[in-house]
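Using the hints, build the complex out of the two chains.
Taken in order, these protein sequences are the chains called D and E. All residue numbers for the first sequence refer to my numbering, where the first residue is 7 and numbers rise by one. All residue numbers for the second sequence refer to my numbering, where the first residue is 32 and numbers rise by one.
One thing to keep in mind: the hints can contain errors.
[Claimed, not checked] Derived pair list, reagent style BS3-like, types lysine-lysine, alpha-carbon separation capped at 27 angstroms:
#1 E/K374 x D/K226
#2 D/K47 x E/K125
#3 E/K266 x E/K251
#4 E/K448 x D/K307
#5 E/K148 x E/K42
#6 D/K307 x E/K374
#7 E/K216 x E/K173
#8 E/K96 x E/K76
#9 E/K43 x D/K226
#10 E/K444 x D/K307
#11 E/K502 x E/K230
#12 E/K216 x D/K278
#13 E/K448 x D/K289
#14 E/K42 x E/K94
#15 E/K43 x D/K47
#16 E/K448 x D/K278
#17 E/K374 x E/K415
#18 D/K278 x D/K289
#19 E/K448 x E/K533
#20 D/K289 x E/K444
#21 D/K307 x E/K431
By construction, these hints were calculated from the structure, which means they are not laboratory data.
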Amino acid sequence: MSKLITNNDIEALAIGAAVLGSGGGSNPAYEKLIAHSALEKNGPITLLDISELKDNDLIMPVAFMGAPIIAGERIASGKETPALLDEFIKHYHKMPSVLMSAEVGGSNIFVPFTLASLNKIPIIDADFVGRAFPELQMNSACVSGINQSVSWITDIFGNTVELNLSCPNTLERYARNITVAAGSRVAFSMYPMSGAQAKCGAVVAGSISRALLIGNTILKARETQADPIEQLAQKSHGIIIGSGVITDIDQTIKNGFLQGTVTIMGPQGEIKIFLQNEYLIIKVNNNIRVTTPDIIALLEKDTGTPLLSSTLSYGIRVVVIILPAPTVWQTQKGLSLVGPRVFGYNCDYVNVTAPAGAVTSK
Amino acid sequence: MKSLDQDLNVKKLSIGIDIGGTNTDGVIVDATQNIIFTHKTLTTKDLVSGVSSVLSHLCSLLKEKIKDQCEITGIFIGTTQATNAILQGTDLYKVGLIRIAGHNPQTISPAYTWPEKIREVILAGSVNINGGFECDGREITKFNTSELLDAIDTLIAQGAQSLSLVGVFSSLYNTHENIACELIKQKCGNNFPVTCSYKVGGLGFIERENATILNSALKKNISKHFGALVPVCEKFTQAPVYITQNNGTIMTLEQACEFPVLTIAAGPTNSFVGGALLGKKENTVVVDIGGTSTDVGLIQNGFARRSLYTSNIGGIALNFPMPDVLSIACGGGSHITLTPQIKIGPNSCAHELFIKACVFGGDTLTLTDCAISAGTLDISGANKSLIGISKSEAQVVLSKAQEEISDLITRIKGPHKDLPVILVGGGAALFNKNSFLDQCEIPEHFDVANAYGAACARIAATIDTVISLDKRDETLETLCAQASSMAESKGAQKETISIVQKEIIPYFYIPGNKARVIITAAGKRT
Numbered sequence: 007m008s009k010l011i012t013n014n015d016i017e018a019l020a021i022g023a024a025v026l027g028s029g030g031g032s033n034p035a036y037e038k039l040i041a042h043s044a045l046e047k048n049g050p051i052t053l054l055d056i057s058e059l060k061d062n063d064l065i066m067p068v069a070f071m072g073a074p075i076i077a078g079e080r081i082a083s084g085k086e087t088p089a090l091l092d093e094f095i096k097h098y099h100k101m102p103s104v105l106m107s108a109e110v111g112g113s114n115i116f117v118p119f120t121l122a123s124l125n126k127i128p129i130i131d132a133d134f135v136g137r138a139f140p141e142l143q144m145n146s147a148c149v150s151g152i153n154q155s156v157s158w159i160t161d162i163f164g165n166t167v168e169l170n171l172s173c174p175n176t177l178e179r180y181a182r183n184i185t186v187a188a189g190s191r192v193a194f195s196m197y198p199m200s201g202a203q204a205k206c207g208a209v210v211a212g213s214i215s216r217a218l219l220i221g222n223t224i225l226k227a228r229e230t231q232a233d234p235i236e237q238l239a240q241k242s243h244g245i246i247i248g249s250g251v252i253t254d255i256d257q258t259i260k261n262g263f264l265q266g267t268v269t270i271m272g273p274q275g276e277i278k279i280f281l282q283n284e285y286l287i288i289k290v291n292n293n294i295r296v297t298t299p300d301i302i303a304l305l306e307k308d309t310g311t312p313l314l315s316s317t318l319s320y321g322i323r324v325v326v327i328i329l330p331a332p333t334v335w336q337t338q339k340g341l342s343l344v345g346p347r348v349f350g351y352n353c354d355y356v357n358v359t360a361p362a363g364a365v366t367s368k
Numbered sequence: 032m033k034s035l036d037q038d039l040n041v042k043k044l045s046i047g048i049d050i051g052g053t054n055t056d057g058v059i060v061d062a063t064q065n066i067i068f069t070h071k072t073l074t075t076k077d078l079v080s081g082v083s084s085v086l087s088h089l090c091s092l093l094k095e096k097i098k099d100q101c102e103i104t105g106i107f108i109g110t111t112q113a114t115n116a117i118l119q120g121t122d123l124y125k126v127g128l129i130r131i132a133g134h135n136p137q138t139i140s141p142a143y144t145w146p147e148k149i150r151e152v153i154l155a156g157s158v159n160i161n162g163g164f165e166c167d168g169r170e171i172t173k174f175n176t177s178e179l180l181d182a183i184d185t186l187i188a189q190g191a192q193s194l195s196l197v198g199v200f201s202s203l204y205n206t207h208e209n210i211a212c213e214l215i216k217q218k219c220g221n222n223f224p225v226t227c228s229y230k231v232g233g234l235g236f237i238e239r240e241n242a243t244i245l246n247s248a249l250k251k252n253i254s255k256h257f258g259a260l261v262p263v264c265e266k267f268t269q270a271p272v273y274i275t276q277n278n279g280t281i282m283t284l285e286q287a288c289e290f291p292v293l294t295i296a297a298g299p300t301n302s303f304v305g306g307a308l309l310g311k312k313e314n315t316v317v318v319d320i321g322g323t324s325t326d327v328g329l330i331q332n333g334f335a336r337r338s339l340y341t342s343n344i345g346g347i348a349l350n351f352p353m354p355d356v357l358s359i360a361c362g363g364g365s366h367i368t369l370t371p372q373i374k375i376g377p378n379s380c381a382h383e384l385f386i387k388a389c390v391f392g393g394d395t396l397t398l399t400d401c402a403i404s405a406g407t408l409d410i411s412g413a414n415k416s417l418i419g420i421s422k423s424e425a426q427v428v429l430s431k432a433q434e435e436i437s438d439l440i441t442r443i444k445g446p447h448k449d450l451p452v453i454l455v456g457g458g459a460a461l462f463n464k465n466s467f468l469d470q471c472e473i474p475e476h477f478d479v480a481n482a483y484g485a486a487c488a489r490i491a492a493t494i495d496t497v498i499s500l501d502k503r504d505e506t507l508e509t510l511c512a513q514a515s516s517m518a519e520s521k522g523a524q525k526e527t528i529s530i531v532q533k534e535i536i537p538y539f540y541i542p543g544n545k546a547r548v549i550i551t552a553a554g555k556r557t
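Just chain E, same shape as in the assembly (with noise of 0.2 angstroms):
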């Protein structure tokens, strides 16, 4: 770290916090998202003592080192709350389904595909009614305001606490879905949780369904959770609380509270910003290397890019904008079984690594206890006479890793064959950067790359829709610029403000010469 006393810059702050499985990871950027001071922690089942922990370290020692005055502007959190909350089925919304669809699809019922025990925790009702749209924007039946109003006192009178609006091609054409929703408001109230479907996803009916089901069940836990943590942060600084979301960019805490779904792979998106902007990279490979698995990803013009197939959450299938990430389950805690085959994971150690490790004397040869062996990590406290396999054997097993982590590389890489690697993560201790096929690099501060990458997040505003192609070029300008002028009244500063995406994807067999659209316009924070 370097001397702080003598920087007069530091002025504005930001402090990003990082809420992990194990882990709360904090950072303080200053203006020139240089980091001031870091802290580790684990994770508390309630969030908020971690983060209370992390906040009142940072402070202190802010107050302690840097006689400047100084402001905090932001505290930027990234978590994998709304995730775990759908795996445990803790705090959710019960919910009720509404279908917009005129020919009344009975083929595949709401929430077939789900684990039976979220779905029993989750789905109140559901039911069928006419409206729609076909491909080419007309009315599959029209949209009938009575069977709506029906609708809702079936779901409530099911137990419904939270609704969901679907419709057919609503990603294209979503009049009925806002219709639908004006009613609800009417009907249950301004703050009656809803959902429109076209809001959280695109194309793919039932994965759209998935995640606006998901969404409307995670309203009750996160505005309780990310409710909670105000008065914590309030304790230490006035400044506003942040969310990221999936794509690297922010929300505000009641955007958060209206679309937690879209919170759900922040994780992921946060190590890959922050570890690109650590190696001060604008295009690499960024590899996150944690106790049980590795994420790679892909960093274009400083975000993570988006992944075009369906996701997966907990055995549920989704669609809406997702980073790209190949994961593999070989982490510093990972099993190593040697017969009859090397095989790595994919159990692991997790948090309990220092105690059933080998070299921390407990019986189960991991990934850690290989690297210690063949000398490619130091920890103190470790016993490296209590690994049971040679040096050259656990030279064997780093080269499986690191040949299995290669290969994932590469897939992401594709044809930008020339693009850096930058490893980060605790794990990323455990091997040497120059037994990589590429040449990779692990930058200052490598383990707490998620809190820096939530730090550092941007503005951004995306416009997914679906466009003919007749008047491409005239189409796409007008829609970069929505895109723009969008970011800009989300409190992105104009300057900074370039397109970051732009993805045209054709619908070869729809008439009309059709593709989707998505372009994301972000800048920097004012």
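With the rest of the complex left out, here is chain D (with noise of 0.2 angstroms):
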């Protein structure tokens, strides 16, 4: 069940996570590379499935967050995840069992790969959120309704900010702040919890190897001269929602967030999507056809690139393909905190993926 995560995996990672980020999530490029390093030194991590967990395992979920574009300039010191064990442990007198990351999309896929091969400690096959979003609250533990007992925030010199707070919106509120002090970039911990909570849907189980098995999709295809595209629909449930040339990219900066459409022409007609970081609502011919939190990516024609939001240019052949949400954002909970609704467009979710309990990379 379990499986090792060598440095012949990374790559493949790199393009699941940035498939799932929907658009966002930010490039994972350095923090691929900081990963490539880690386990270059210390060796290969475990991945454990998340029925291995034992009920009383401890689980420290880590990622970072803030802007994107910190990560590519003030690359992390690497005092940062440290810093948020050594918290962990002063809080529970013990090692955690197992690391997770809080966020699969984009570039926090990799942030526990370096404590996990340091202090071999395995990561668990889960994430909060399956995809990538841009607030702390809205994350598969918060739709559990599990405690938020505590949380850490650790910045470049391994300072560390404890916060005791259950509310989710006020620790994204608080927590925002305290990254822009910390130059707006920061690592943290929250949702610590017990393998009997993850268990019970408390994380969004299969989400790294639901990454791992879009990047080898894509890499084998890519190999074997094969449509990646229609690789990756075969393999994960995805569905092609149609293909064509990037004809108009309208971005503007609204509320601290990359806002716009963007407009692809092809056979099937005019496609647009609109973005806010990630891709959250496509129409064709102007009729809503996919809405948040499906998962939307725009692929590179012939090598199946993902293309996220911040990296669009015209002319760029594309093909839009749709792969379902975790289960947990299609509940009512769930769309409460991810749904069109909350990110200001005025429509229901539509599900035109699988039927629910269709996603599994079990």
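Structure, rendered in structure tokens:
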């Protein structure tokens, strides 16, 4: 059940994480290098399936939050996540049994890797989101209703802040302000939980292996000159919405997020994608076809390279593909946190993907 | 070529030279940028004999055919020497890297992604010292002079012959790099080779660090080769020698020796600028079809559009100003495979085309063979009967090549769908200009577009900085005025100076409504 993650998996994980980022989640380029470097020095890491968790196992989730542009200039010092681990140990008087990436979509997939490799702690095949979302309260633990007790934020020097807050929205607000004060990028750990809680739906199970499957499918298709996107659709319950050339990009900055539309013209007519960091809504010929929380990916037609909302340019030939949202987001409570209305769109979730329950990678 | 004996206006002349991987091309142009003579020869290993041969040929033509008194105002050279030096690892300094980063990042070591061979040749060692800035301008930690002086000793003891300084957010706040550079000069002498990262690249620590290390390493090779060019040129003329850089403008030899990494993409830039001038267009797509590859670029207001994304030389990621180039491995020498499906390239016969291609008795089917079979190209000495495929098959291959090139044209055009398209480069002759989807033009002298681009390169000054958009118009106006006066002081004619590039790229996460602004002012040479 458990498997080893080696440096041979890193490229596939990076591609998979970018696809699951639904256009956001920030470019994994630097975090990928950091993970690669750590595994090269300290060896591979163990990936545990959720079924392998014992009820009294302690899970420590980690991720970075803040501006992606900072990650590319003020590169992580390497003191951030060890400082989180120190706080965790001080609080619980023991090591965590497993580590978890708080968000699989984008660069955060790699954040637990360095700690895991160095301290020989396994990572769990799960996360809080199953994709990327912009705010802390948009997480599966929040949907499941488990208690958020303590969380920590650390900066590049390993300075730490402990937050004893139970309300996830307050946590988001406080954490965001601390992040800006700390140079717009910090590491954090929230919702530490038990194995029993994780098994009762507080996490999105199978996230890492889903990313790995997506990445490997695309890499293998490239190698064998098969169509990467057809292969991806087949292997990951994907639905191809259409293809074409990017003919218009209209982006502005509103409320700190990249907002706008991208237009793709192709044989099926006009596809318009509405985005706020992440791709959130698809209209085909002016009819709403897909909405958040389903995962929307724009892939470069020939190579299957995922295109982030911040790196779009005119004239690229793309295919638009949908991967089903984790089931937690398709519930009423899930939709109240990440549905279209939360992002200001006056429409309801359109479930175009497989029926609920089809999303497993086990 | 026009009848030269009657042309009495020829007085001030410029010589453009392009030193490519295969050919060294030269042109002489007059003050109104008309081509007077051209010459093509094979590139030599030492560079200078190829250049010498071109110069001697051009100058004797000048003596023979032009009766007026003429003055050569400058020799303008474009070269891929920097790229080749990196790939071959020849004549490079050992570099010591000083990271100015108070948080002492241990997560990505210097040159981590480089091909091992290049890293071993170039990097002597690295030291991290206190300093650097946050995005909002606060110091990460205080800069410490004695720490820097120790770092210099350590690195020189490790074999460093040249130093690189890379500070966090130095493209926004360069104080610490400047102080450190000053201290190095005081300690090691004014001629000790140092590179500050903010002078060679923008945001993106690792990519900027890569560019800075390469620049420090290249200072040796470039000084040596460019230095050797001077006496060769002086045999023919006293005119100054200039080197063209990535953005299609010129640097003095001294500047090129200081920032050799900025010449790394001059090749494609020169062909785009030259192609646009040959076709007499200020805004156009230029397609440079060579022997091995085809480069497609976009000219806006006479300048090659600059890429905003990470570029790559020899497997090393860089982020300094480079032209936006789309390339495919499709050129005159490209190998053609017919089964299981038609494939063009990526391998090419390159300079051995005239030995290896079918029409010349070789056994490699090339795109040139297909063009000859299809009837679009005719080369003397080519034997059509040696091509093993039918005319219709050849036409299918050519259409595939056209389709691939047309795709690049569409991509580079983006929303500017009405832009004209100019084909240049030796490989342009393979195609019928009417067979592309877009209306194409193949101008006269298409095969020396690179050298022509070098001869016509302008003088420019670029400001690349980060501003707050709160007082947007006022700030931009000030920056434009600054760029213009910088261009003038570099020798551009005042009345020809215009702002040729104004890009505003908002940083959507950074507080304070900040944006990166890139402004270039340029003008004709006086």
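Outcome of the hint check:
1. E/K374 x D/K226: Between E/K374 and D/K226 the Cα gap is close to 20 angstroms, so the pair holds against 27 angstroms.
2. D/K47 x E/K125: holds (26 angstroms)
3. E/K266 x E/K251: Holds, at about 24 angstroms.
4. E/K448 x D/K307: Given that 27 angstroms is the threshold and the Cα spacing comes to 21 angstroms, the pair holds.
5. E/K148 x E/K42: violated (50 angstroms)
6. D/K307 x E/K374: holds (18 angstroms)
7. E/K216 x E/K173: At roughly 21 angstroms apart (the allowed maximum being 27 angstroms), E/K173 and E/K216 satisfy the hint.
8. E/K96 x E/K76: violated (31 angstroms)
9. E/K43 x D/K226: violated (60 angstroms)
10. E/K444 x D/K307: holds (18 angstroms)
11. E/K502 x E/K230: Holds, at roughly 26 angstroms.
12. E/K216 x D/K278: violated (56 angstroms)
13. E/K448 x D/K289: Distance ~25 angstroms between E/K448 and D/K289 Cα, so the pair holds.
14. E/K42 x E/K94: holds (13 angstroms)
15. E/K43 x D/K47: At roughly 63 angstroms apart (the allowed maximum being 27 angstroms), D/K47 and E/K43 break the hint.
16. E/K448 x D/K278: With a Cα-Cα distance of about 20 angstroms, the restraint between E/K448 and D/K278 holds, given a limit of 27 angstroms.
17. E/K374 x E/K415: holds (21 angstroms)
18. D/K278 x D/K289: Holds. D/K278 to D/K289 sits at ~5 angstroms (cutoff 27 angstroms).
19. E/K448 x E/K533: holds (21 angstroms)
20. D/K289 x E/K444: Holds, at about 25 angstroms.
21. D/K307 x E/K431: holds (18 angstroms)
In this structure, the hints that do not hold are numbers 5, 8, 9, 12 and 15, in rising order.
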